[in-house]
Amino acid sequence: MGVSVSASTAIIVAGLFFAFTAFYPVAANSFDRVTDAQHGIQERSLEQQNTEFAVTNATYDDPTLTVNATNDGSVGLVASDATLVVGNEYVDVGGSNASTTVDGDADTDLWLGGEELTVTVDEGDLTTNVAAGETRVVLVAESGVRDATTVTVVSG
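In terms of full-length UniProt numbering, the sequence shown opens at residue 1 and continues consecutively.
Hints were generated in silico from the structure; no laboratory data involved.
All of these numbers come straight from a predicted model, not from anything done at the bench.
Yeah, the Cβ is synthetic: ideal placement off N, Cα and C, and Gly gets one too.
A couple of the hints might just be wrong.
Stated by the list, open to error - Derived Cβ-Cβ restraints for the label pairs, each shown as a range:
no., residue 1, residue 2, range
1, G95, V153, 20 to 28 Å
2, Q42, T64, 38 to 46 Å
3, E43, A148, 22 to 30 Å
4, A148, D61, 15 to 23 Å
5, L16, Q42, 33 to 41 Å
6, D36, E123, 44 to 52 Å
7, N50, V153, 29 to 37 Å
8, N29, D92, 47 to 55 Å
9, N50, L16, 44 to 52 Å
10, R136, R33, 34 to 42 Å
11, E89, D61, 13 to 21 Å
Required output: the full structure, derived from the provided sequences and hints.
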């Protein structure tokens, strides 16, 4: 009777050891993935808190819509990652339908604090009818921060 108890105890201990060696990597990987996800959420939240910009004006001078915005935040933004919504129409700022300049420089894509971004869209690239006081433009940064204004018509 003493040998069978010792043998069964050894089998149970060996089984627990094998179970633990199979369970530990799964638990460790899961913990690492959750920790990385929480770190990513905190990074995006911090970026969002440090992002601040204002759409200073939006003017329509037939046939061109020009939107000016100033980066007032402490985070540098990528101009081509921004999104512009004209009326209810999506305009990819980094795409072929819009051209951008940062403080008058069309060769840079980096929009740093204190700099002005100018987005120019040709009316031919829009299906929205631009009307004074009726058309609203919304500029959205890659972090989700947005600002909006209504369009002022200069001519047309």
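Hint-by-hint comparison with the structure:
1. G95 - V153: 20 to 28 Å: 24 Å Cβ-Cβ, so the 20 to 28 Å window holds.
2. Q42 - T64: 38 to 46 Å: holds (41 Å)
3. E43 - A148: 22 to 30 Å: holds (26 Å)
4. A148 - D61: 15 to 23 Å: At 20 Å between Cβs, range holds.
5. L16 - Q42: 33 to 41 Å: Holds, at about 37 Å.
6. D36 - E123: 44 to 52 Å: This hint holds: roughly 46 Å between Cβ atoms.
7. N50 - V153: 29 to 37 Å: holds (35 Å)
8. N29 - D92: 47 to 55 Å: violated (37 Å)
9. N50 - L16: 44 to 52 Å: holds (50 Å)
10. R136 - R33: 34 to 42 Å: For R136 and R33 the Cβ distance comes to about 41 Å; the hint holds.
11. E89 - D61: 13 to 21 Å: For E89 and D61 the Cβ distance comes to about 19 Å; the hint holds.
Hint compliance for this structure: hint 8 alone is broken.
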